[in-house]
Structures are given as C-alpha cells and as structure tokens.
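**Q** The lines below spell out each chain.
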Amino acid sequence: MSALRLVLRAPPEQRLDLSPLTPDRLVGLGTATIERLAVGTTRAAVHVGDVFAVHDGDPATLVIEGGSERFDRVGEGMRAGALRLEGEAGMRTGRALAGGHLAITGNVGPFAASGMTDGHMEIGGDAGAFLGGPLAGERAGMRGGIVVVRGRVGERAADRMRRGLIVVVGDAQRYAGSNMIAGTLIVCGQADETLGTLMRRGTIVLGRPCLLAPTFVRAGDADPVFRRLLARAVAPLCAEAAMLAMAAAHRFNGDMAAIGKGEVLMPS
Amino acid sequence: MPDITRNGVLIEDTFAEAFDMRATALVITAPSPRWARQAAVTATGFATSIIGCGVEAGIDATLDPEATPDGRPGVRVLLCAGSTGELQKQLLARVAQCVLTSPGSACYAGLDGAESLKLGDGLRYFGDGWQISKRIGGRHIWRIPVMDGEFVCEGTTGLTKGAVGGGNLILMGGTAEATLAAAEAAADAIAGVADAIAPFPGGIARSGSKVGSKYKALPASTNDAYCPTLRGVARSSALGEDTKAVLEIVIDGLTPEAVAGAMRAGLLAAIALGPERGASRIGAGNYGGKLGKHHFHLVELLS
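Sequences listed follow chains A and B, in order. Quick note, the working numbering runs 6 ahead of the 1-based positions in the first sequence. Quick note, the working numbering runs 3 ahead of the 1-based positions in the second sequence.
So that you can see chain A by itself, here it is in the shape it has in the complex (with noise of 0.2 Å):
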C-alpha cells in the first residue's frame, strides 16, 4: 500500500500545531476522520482538510508535501513509523520523539528534537536554536536517538543533552553543546569558542580547529578503539562523519568550571 499524502493547498494563515499527524496516531483512522482534526492554534478553528488535501494510503508511511515555516510541532511525540515533510517546518519539530524515522528536508525552527529520547530524525537543511535542548523549566535536553542535520544548526544545539547522537554536517551557532550532561555532538563544519560552555560529560568532535575556552585542557589524543566505533556507528548516517571520527585527533577535557568530564576531540 502506499504511503498516506497531505498535500498543502495554500500557506497557511495562522501557525498550526500538527502533532496529531503521526503515523502512530493516524493508524486506524479514515481519510474524512484524519480531514477533520484540529491543527489550529488561535480561535479561528483550522483543520486538516483545510490545509492539505488528503490522499489516503498506509499511515504507517505519512509523506506531507508542502511545508511552512508556521507548520509547529511536526512530528512530536511520534513513537513508530516514517514521517516525511518535503519544505520547512516550524519550532519544535521532533519534540519528544520517541521511535520511527522523521524526515524534514528543508529548515526547522528552535527546539527540533528537544526532549527526544529514540528513533531517528534527518532534517536536509538547517536547523534552529536549542536543537536536541530542554524546554524551559527542563533539567535535560535530548535523552536518546540519532539526529542527522544537513546544514547549519543555530545557538546551543545539544544544550544539556543527555544521551543520544546529533550529527551537524555544517557549521555550528555559538554555545553549541552547552551543558552537555553526556550524549555525543559531531559537527563537520565550524564551531567557535563558546563551544561546550559548562558541558559536564559527554562527546563533540569537531570536523574543523577552533579555539576552546581556557576551561578546557589538552588531554593526550582520542583513544583509536573509541573512534573505530564511533566511526562505524556514524558511516551510514554520514561519511563525512564518519571520517572525521576516524581522523586523528587532539583530546581537550573540560568543562573544567563544571566537572570537566567532557572531551572535545579536534583534528590534529
């Protein structure tokens, strides 16, 4: 069976929640159901069938063409199955992802993946501030799953992550990893000094040198065995990655104002 379509007919008018469309939360129901959830977010009452045109399929494969950058909350909460968006998406995108693939091909706004704690979620362009971080009032950020970002992420990307794989394929915004709790962070492209700010355990590798805060020292080189697994785990999510962790590199141990069990591990 093929794969359940929403079709954007026009730019939507007001930001939309589209949290109830997951391949999980969509299985069972039919295309007129589906038509009528509410996805709007002010009191002029919007729903499904006024935004996309519905083609039914097997919801357990959802495709959305169309995107906006007002389309909030894509995918949150989604626990199995594969979601696609082909354009933009809003804030909060992969929320508390929980299992299945996710897939955004354009940009994303702040908080992609905030909170997600499994399955896997690929956004082909870039993404906003706080990727993989807390909510306010949040003790931790991301708690497991893999993150692949095509482009460039915005500020504090892995902000007190937990657990789990954030690879950036381009450049990093500043205070990138800032208080990492563990988890581990590549980024193929640029980062600067504000980077892993208060980070207390977890893993960035850098694709390119930069400058480290002083709180950060020069710990020998990264173990090889650590970097074989890190490699292979990385290579089908991006051989850029992958290379790079296979690369040579210089060990810095910090954030020695936190606990400063941190690594950065930097091209030698």
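Hints may be right or wrong, so weigh each one.
Here are the in silico distance ranges between beta carbons for each label pair [to be verified]:
#, chain 1, residue 1, chain 2, residue 2, range
1, B, G141, A, E71, 29 to 37 Å
2, A, E71, B, E69, 49 to 57 Å
3, B, D151, A, S274, 54 to 62 Å
4, B, G215, A, G226, 53 to 61 Å
5, B, E69, A, H256, 23 to 31 Å
6, B, T178, A, A254, 53 to 61 Å
7, A, E71, B, S119, 41 to 49 Å
8, A, A254, B, V214, 39 to 47 Å
9, A, H53, B, T258, 36 to 44 Å
By construction, these hints were calculated from the structure, which means they are not laboratory data. C-beta: ideal position from N, C-alpha, C; glycine also.
Mind docking chain B on chain A? Use the hints.
**A** Just chain B now, kept in the frame of chain A:
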C-alpha cells in the same frame, strides 16, 4: 546397535553423557592478531574443568577485522560454568585480570541472550571515576582510562542457560604417538566448529577422571578403567591388549547441536588417520545415562 568399524577404526556403541551448563561468549580485539590471541589465551587459561577451575573456557574462533565491532583483529572465546553466579564471578575476574591488562585490548559481548551478565558494568570502577559511558551503534560501552589509552568494554554480554558441557571422545591407540596424532587431528577439526570449545590443553586431556575417589576429599580421581598401566590390576579395565595409550577430548558448546557437530568433526578426523597412524578404537564417557540429559551416541553421529 553393535560396534562399527570405519577405515579400520573401531567405533564403540556407546555415548557421551553431557550436562546443561551456563555459558557466555566474548569478542576480544587488539591492534594485532598476536595481541588479540594473547589476551584470549590468558583469559581462558586455567579453565579446563569446572571441577578445579570454576569455569571451562576456550577459544572458539579467530575473527577477521571485518567481523569485530571495532574493525580490529579479534578472537571469540566461550566460557561455561555450572551456575550463573560462578560464571559471572569468573567472567569478571578473567576479563579484569587478563583482558583489561593486555596491551591495546577491547572486549565486547560475543553472545546475544535474553539474560545478560555484567561485563564493563562490573569493571568500570577500575576507572576510579574517570570512566566514560557511551551508547554507540546499539552498544553500551565503557571507556576506562588505562596507561596505553582506554580500555573499551561493552557493558554486558549475553547468557545462555542452554549450553552443554561434557561432550567427549575417548581415543585409544596402539602407541602413545599414534594416539596423540589422532587426538591432535580431532582437536584441530573441533577447533573449526562454531560455538564449541575443547577446554583442555590443546583440546586434549590425558588424565580422564572418574567420579569420586578412595580419598574422601577428592570429588574425582584417575579413570583407572582407561589407564593402560592398570589393565591388570584395575577392577574393570576397559582396555584391550592392543591399547597402549588413551587420550580424551572434552567438548563444551553453546547448544547440543554445536557439541554434536564438534564430536562428529573430531570422530571423522580421527577415523581418517586409520588405526596405524591414529586411534584403533574410539569410545566415549558416560555415567550410564542417569546423570546428564544429553546423550551423544557415536554410531548415530556417523550415520
């Protein structure tokens, strides 16, 4: 079923009696095949019999870099014990003392199982707080700082309660040299069988034992029925006039099928030598079938 003869070698109509065991497997890797093997040999040393060693262990296979988690040369070892508690104790002690200490080594689970045993989860404390926990590629590993870098060790390894210990072949020959040649051929063949090990030195035991002893402190003592020098005095010698030496191969495996496959491979290799260059007679040890639930009949293995 009567005894049969294959290539001039008499195969007794008897069976090996084997027992359920707990077992696990490890994959040990290192920068070179030499050091992977060294770590494996050390970890599986003094592990011939649970009677005196607590665990029976051996090398199951040499692994190409493509077959190991970190892409380095590796060796898979099996460890079998009578209880989960003893297996856990031996596993941690051996990896801590023999693998962790070996230059460049890393250690991974070599078996998937519904139940697991602590591996790195028990060894991580050696890192004295500097150890790092990572989940990579579906594995939970510990990175423990050591003097040549890091010891990478998977958190747990699988446990099977369906392993079998005590498969065996008793090789009897007209000379000590020919008997040893048959045993070597059988041990070499068994080494190529997956999921099975022959834990005695080089896979061969010269001191087969019987249960009990005239001395109360001993749980086992020499198998006088198979000692050529006791043929005239032992109460029930199993040896004929033409037998001058006896060697035994004991086999443990992760499954009954693995043990049967190893016994078959050993039998065929010994038979291929013939009675002049190898064993003239092949038997197996059992306790009348009352103690172990696995019975491997030699004639059936060849049919």
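**Q** Look at the Cβ atoms of B:G215 and A:G226 and judge whether their distance stays inside 53 to 61 Å.
**A** 58 Å, holds
**Q** Using the C-beta atoms of B:D151 and A:S274, is the stated range 54 to 62 Å upheld?
**A** This hint is violated: roughly 18 Å between Cβ atoms.
**Q** If I claimed the Cβ atoms of B:G141 and A:E71 lie 29 to 37 Å apart, would that claim hold in this structure?
**A** 33 Å, holds
**Q** Between the beta carbons of A:E71 and B:S119, is the distance compatible with 41 to 49 Å?
**A** Because 45 Å falls inside the window, the suggested range holds.
**Q** Quick check: does the Cβ-Cβ distance between B:T178 and A:A254 fall within 53 to 61 Å?
**A** 58 Å, holds
**Q** Should the hint that B:E69 and A:H256 are 23 to 31 Å apart at their CB atoms be regarded as holding?
**A** 29 Å, holds
**Q** Range first: 39 to 47 Å. Now tell me if the beta carbons of A:A254 and B:V214 are that far apart.
**A** Violated - the Cβ-Cβ distance for A:A254 and B:V214, about 58 Å, lies outside 39 to 47 Å.
**Q** Given the hint of 36 to 44 Å, is the C-beta distance from A:H53 to B:T258 inside that range or not?
**A** 58 Å, violated
**Q** Taking the CB of A:E71 and the CB of B:E69, does the distance hold inside 49 to 57 Å?
**A** This hint is violated: roughly 41 Å between Cβ atoms.
When held up to the earlier numbered hints, the structure conflicts with 2, 3, 8, 9 and fits the remainder.
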